[in-house]
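**Student:** Here's the letter readout for the chains.
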Amino acid sequence: MNLVEKILARASGRAKVSPGEVVVANVDTLLLHDLSGYLTSKVFEEEVGLPMRYPERVVMVFDHHFSPPTEERARILEANRAFARRHGAHLFDCGSGNIHHVGVRNGFVRPGTVVVGSDSHTPVHGTLGCFATGLGNNSHAGMVMPFGKAWFRVPETIRIELSGRLRPGTTPRDVALYLTGEIGEGGAVYKALAFTGELIDGLEVWDRWLFPLITIDVGAKCAFVEPDEKTVAFVRSMTGEPFEAVGSDSADECEAIWEHDVSELEPQVAASPTLGNVGPVSAFAGRAIQWAELGGHGGGRIEDLRMAADVLRGRHLAAGVKFNVVPSSREVFTEACREGLVEDLHLAGCTWFPPSTGSNQAINMGALADTEAMVSTHARNFPGRNGSAKAMMYLGSAATVAASALRGQISDPREFLS
Amino acid sequence: MQARGRCWVFGDNIPTDQIVRSDRALVSLGEMAAHVLENLNPDFPGGVRPGDILVAGRHFGQSSGRAIAPKALQATGIGAIVVEYAARLFYRNCFEIGLPLLECPGITDGVEEGDVLAVDMTAGTVVDETIGRRFSARPVDPFLMEMLEAGGVIPMAARLAGEGEA
Ligand code: SF4
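Those sequence lines, one after another, are chains L and H. So in the working numbering, the last one in the first sequence is 418, and the numbering has no gaps at all. So in the working numbering, the last one in the second sequence is 166, and the numbering has no gaps at all.
Just so you know, the hints here were simulated from the structure itself, not pulled from any lab data. No experiment lies behind these values; they were computed from the predicted model shown. Check before you lean on any hint, since a few could be wrong.
[Unchecked claim] Covered by chain H, according to a simulated footprint, are these stretches of chain L (three or more residues, beta-carbon under 8 Å):
#, segment
1, 186-195
2, 315-328
3, 358-366
4, 396-406
[Claimed, not checked] Listed below are the simulated SDA-like cross-link pairs for lysine to any residue, each with C-alpha atoms no more than 25 Å apart in a straight line:
#, chain 1, residue 1, chain 2, residue 2
5, L, K390, H, Q2
6, L, K230, L, S248
7, L, K322, H, D23
8, L, K390, H, P155
9, L, K390, H, E31
All residues carry an ideal CB built from backbone N, CA and C; glycine is no exception.
With the rest of the complex left out, here is chain H (with noise of 0.2 Å):
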């Protein structure tokens, strides 16, 4: 599972309602996208193109476990997202709804906004091809991975449930 494109650099401890503002919580998720992260980097929004690549650092995604934020992401098209670490609720999130993230301890000191990147999901890697450096990714359980490759928790819930293929 890889993507490849440019890249997108946020910083520590982004909260939810940054992504998404709570009081947009209600409205299309198309409408979400279009003001995803504007108050960190308005360029954001109206700049991101499919298959971009989201970096960010430490505690990405805090706050809100409403799925509302990876799925606004998700939105926008990007590939993946690349994080120092994120939040549990942001990561379990992101897996349930088949957006892949990796953690990525040190991403956020090599890469700078704009370099194109090529992340590998299985491999636990992600390059750089802009500065040509490579990082390696803390490793995600296959279980997730698992997930990620079906779409989604809720393609494979009834057989987790136990009862068989949904």
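Here chain L stands alone, though its shape is the one from the complex (with noise of 0.2 Å):
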């Protein structure tokens, strides 16, 4: 068996699990944010009505709100709140961070369990080799909360392969943004996609984070990276509840294997209206731009902070751009905070919010008027998602996102490399 089979075999207690079957499995840990978290908590208690189970799986993270704007939108904290003490599920309030950053440093992501949410990224999580996948809230609300269990399809796998050396100026993100053009949107539905290979294998635990982030924009339902030595100590340094990794028994456990070779990949971007729309820089390069960041669930890693800064520092913003810099957690702040990040990046024009998952679904901040145009580092880029259905959001690496923002239009980050 594979990963994903190995893992789904041991929750749902059967010596043997294959491609195709239903099962039901148990559940270590519920991920829900501010949204998907009061939407559950309505099913759950007036639809379902019973007790939770496992309080101490689930976890809910307020990151779309790093402070509520309205009134209406503290009373759905406030009910939030309650429904966490009511069952005594955990909480972690305003300004925590991104739902993913926060769950992962705060131990509840561990290499061989089975991860839930209702974000549709939480296949993210496969990367520290656990089966992880979103689910909606009737999952949630009827199976998780009540029963601690989720049924589940064992998907089919696919190898993708990454072969080579990235070029100076082309980021890991800019594999993972040509990966999700190549692959297709709906190009791998319904498949679990195992990343390897030497690209992979080379990158730090928050690198290779990138890869299984863009499961949902192909279609997919889950994600992993086979677990060595890097992610066992990753996993060590945020917790010492204890865990048992697997991996699979063999390569060949797979239907198919992509392969690809980045060698000759250059800087990325993927524009509006979807994710699919993906090309080199060059492509898009001088499309004027008003609003940077460096946030949503894709950014705002200490590694994009660095990369952002490299490029920024003793610089400034062109006239007119305006950049937010959202760190995706506490502990970001912090290192940030150590290297001097923050004075780099405020000295250059730039202005930081508090952590969260910044400005996705413009809740908190970051709306956009007909005639506007952002680059980020977002995992998304939908009309309609930032405000007007008509402004544009383009993606790209921190260090595109940076480059674009100092000349107030999409612009090759090659340029500003020493």
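Two chains, two separate frames, one set of hints: put the complex together.
**Tutor:** Quick look at the structure:
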């Protein structure tokens, strides 16, 4: 069996499972954010009405709100807090950071476990060798909360083997954006994706993270990276909780292998309306932007802040450009303070925001008028997600975001790297 | 399990954000239904009648996994959704809330807005009665058919969890 099959077999008490089978498995962690948490809690209390069986496995993070902008929102957050208290679930309040980063940093994501969530980017946790996938409110409210279980169809697995060395200025995020276009939106519907190869092996955990992040955009169910010493050391640095990592028995336990050599790859940009609308930065260069952001759950990692600071240090944003910097967790902000990045980016003209999910869905910040455009490290660029459906959202690496902010137009970061 | 009604036709790769705007995520289902899909067809929310059939292209319902998108569509009273293929979470959510959905390759080639469609979930067929053409759908897993007949995942959850009838 491969990693996903092994985890699902163990969690459902079977000796063996195969693709296509439906299993009912134990769930180790349920991650909810302020919006999905509210919707799920209503279904759970109004339509299910049973006690929460394992509240210690339920984690709610207020990541879209770092502070409620309206009375209505304040009421929703209060309802969520009361819900978490009533049932004894974990709560990370406003200002904690992005749901997935907070989950990882607090030890709720461990190799070999089953992690579910309402957020469609929940598969990102496969980076740590989990079976992780997004489920809907009714699964969470109807099965996970009252019984600690969920139903899953065991997916077929596709191995994505990445070889070659990245050129200077091309980053792991560029590879991930490129792969979204190559595989195509809906190009891997229902599959499990195994990210492997020398490129993945050589990356640190937070850079590997950018690959399972695209799971949802290509329509897949989950993704994973085989856990190695780096994974184990990383998780050990986050938590003392025990875990038992599992790996695939052999590399051929998959339906297909898709190989990509990344050595020639240029920095990439994905423009609205969808993630699949991706191409080399040169294809979009010169398009005006007024907003830049390191945030959303794709960004705000310390790696992103460092990369942007390398481009921006000692320079200043173009006139008319606003640049939001949103750390993905409090820990990242601490590191940014210690490394002097807070000052560097501030002096370059950027504005710091509290740890959160940033302007994803424009709940606390980041709405755009129809004539505006943003370049960001977000995970999404659908029309209407950040204000006007006519506004443009360009996605790129932190280096591309920073370079574009210096010019006020989509720009190739390689021009600014010494 | 059957549905029959006029159809509304939408395109490819429609994200849930276009079905229900994310800034409306916390309003009532009725209010969501009053604006559902309006960005793509302003006549839809006002014109859709109970029993109508929604037809769309590839990777319908991508993006968010929140079940509000299918719930808002369900709140309009539509009888079924027929798509080339659906995003995984959208697919799962439809069965979990008891909203019939069929994946029917080729459907957007033949069918035109306003045609009368007869959808048979059990047989896995869609007939366009206006042009007299029949399409066959990808088979639905028996487990999901059972869920649909039960009215969604909540009514069968206890049994699935191995704890007897709910
Ligand atoms: S930023 Fe968006 S994609 Fe990321 S966790 Fe929050 S809702 Fe999900």
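**Student:** Take the hints in turn and mark each one as holding or not.
**Tutor:** The hints, checked one at a time:
{"no.": "1", "hint": "186-195", "verdict": "holds (count 3)"}
{"no.": "2", "hint": "315-328", "verdict": "violated (count 0)"}
{"no.": "3", "hint": "358-366", "verdict": "holds (count 3)"}
{"no.": "4", "hint": "396-406", "verdict": "violated (count 0)"}
{"no.": "5", "hint": "L:K390 - H:Q2", "verdict": "violated (39 Å)"}
{"no.": "6", "hint": "L:K230 - L:S248", "verdict": "holds (17 Å)"}
{"no.": "7", "hint": "L:K322 - H:D23", "verdict": "holds (23 Å)"}
{"no.": "8", "hint": "L:K390 - H:P155", "verdict": "violated (42 Å)"}
{"no.": "9", "hint": "L:K390 - H:E31", "verdict": "holds (23 Å)"}
This entry does not satisfy hints 2, 4, 5 and 8, going by the numbered hints stated previously.
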